[in-house]
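In order, the protein sequence lines correspond to chains A and B.
Position in the first sequence (from 1) plus 10 gives the number in the numbering used here.
Position in the second sequence (from 1) plus 13 gives the number in the numbering used here.
Don't take every hint at face value.
Unchecked claim - In silico BS3-like pairs for lysine-lysine, Cα to Cα no more than 25 Å straight-line: (1) B:Lys-27 to B:Lys-68; (2) A:Lys-48 to B:Lys-54; (3) B:Lys-54 to B:Lys-79; (4) A:Lys-48 to A:Lys-80; (5) A:Lys-26 to A:Lys-48; (6) A:Lys-13 to B:Lys-54.
Derived from the structure by calculation, the hints contain no laboratory data.
For clarity, every value in this text was computed on a predicted model and none was experimentally measured.
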Amino acid sequence: AQKVTQAQTEISVVEKEDVTLDCVYETRDTTYYLFWYKQPPSGELVFLIRRNSFDEQNEISGRYSWNFQKSTSSFNFTITASQVVDSAVYFCALSEVNTGNQFYFGTGTSLTVIP
Amino acid sequence: GAVVSQHPSWVICKSGTSVKIECRSLDFQATTMFWYRQFPKQSLMLMATSNEGSKATYEQGVEKDKFLINHASLTLSTLTVTSAHPEDSSFYICSARRGALSYEQYFGPGTRLTVT
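Start from the sequences and build out the full structure, keeping to the hints where you can.
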């Protein structure tokens with residue numbers, strides 16, 4: 011079974027629009043970590059955020075914000091006022107303590123920001 | 014801190030030859046390193062987990078004899094693709110973890126392998 015689901019395969023927005031990337035996860039662990047990574051065309055993964063299962067506080071970092079809701083097993087990522095440089099593939103990932111903190115990646119969402 | 018490098022960043026080899034990819038943790042000791050493969054427009058798939066000084070643990074469906082992994086030191090792991098075929102062409106990414114129970118993985122920049 012897929013542990014991390016990113017239902018949106020591709021999204022296109024016009025520059026300056028807001029966009030939300032969805033991530034739904036599945037785990038039986040009480041202690042786990044959630045991550046978002048950005049993968050630009052160069053291929054190198056860029057770490058964006060980490061959240062542990064005990065911290066449901068939403069986080070904002072500049073134009074980026076994350077909404078973690080355990081009740082719906084979701085960890086959504088919003089980019090406000092999108093820019094062309096935001097065009098990339100974004101991956102959500104889950105790390106479970108009981109499986110040795112192995113990473114489970116979602117299938118990724120390809121975001122294209124049109125100028 | 015926590016920088017992971019990979020070498021080479023890209024490689025082209027002929028079918029039937031072997032190619033070695035290195036993964037190094039530059040400023041920390043990595044007890045565990047992971048190797049992932051990523052096909053175009055797909056997600057990262059874990060191939061194997063290697064712990065320093067012991068044999069790698071391969072994921073189901075990954076051929077041990079084809080993808081040889083060596084983690085001889087706390088800062089270096091190597092992946093050797095033996096008798097490469099065009100279907101092995103992919104983007105290979107390694108990651109390193111500081112401690113056995115650490116939740117942090119630091120990813121290398123990846124190696125693009127093309128087999129002709």
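So, going through the hints one by one against the coordinates:
1. Among the hinted pairs, B:Lys-27 with B:Lys-68 is inconsistent with the structure: their alpha-carbon atoms are about 28 Å apart, more than 25 Å.
2. For the given pair, A:Lys-48 sits about 14 Å from B:Lys-54 by alpha-carbon distance, which is consistent with the 25 Å threshold.
3. As the CA atoms of B:Lys-54 and B:Lys-79 are separated by approximately 24 Å, the hinted pair is consistent with the 25 Å bound.
4. Among the hinted pairs, A:Lys-48 with A:Lys-80 is consistent with the structure: their alpha-carbon atoms are about 23 Å apart, no more than 25 Å.
5. This hinted pair checks out: A:Lys-26 and A:Lys-48 have alpha carbons roughly 19 Å apart, not beyond 25 Å.
6. For the given pair, A:Lys-13 sits about 19 Å from B:Lys-54 by alpha-carbon distance, which is consistent with the 25 Å threshold.
In this structure, only the earlier hint numbered 1 is contradicted, and the remaining ones agree with it.
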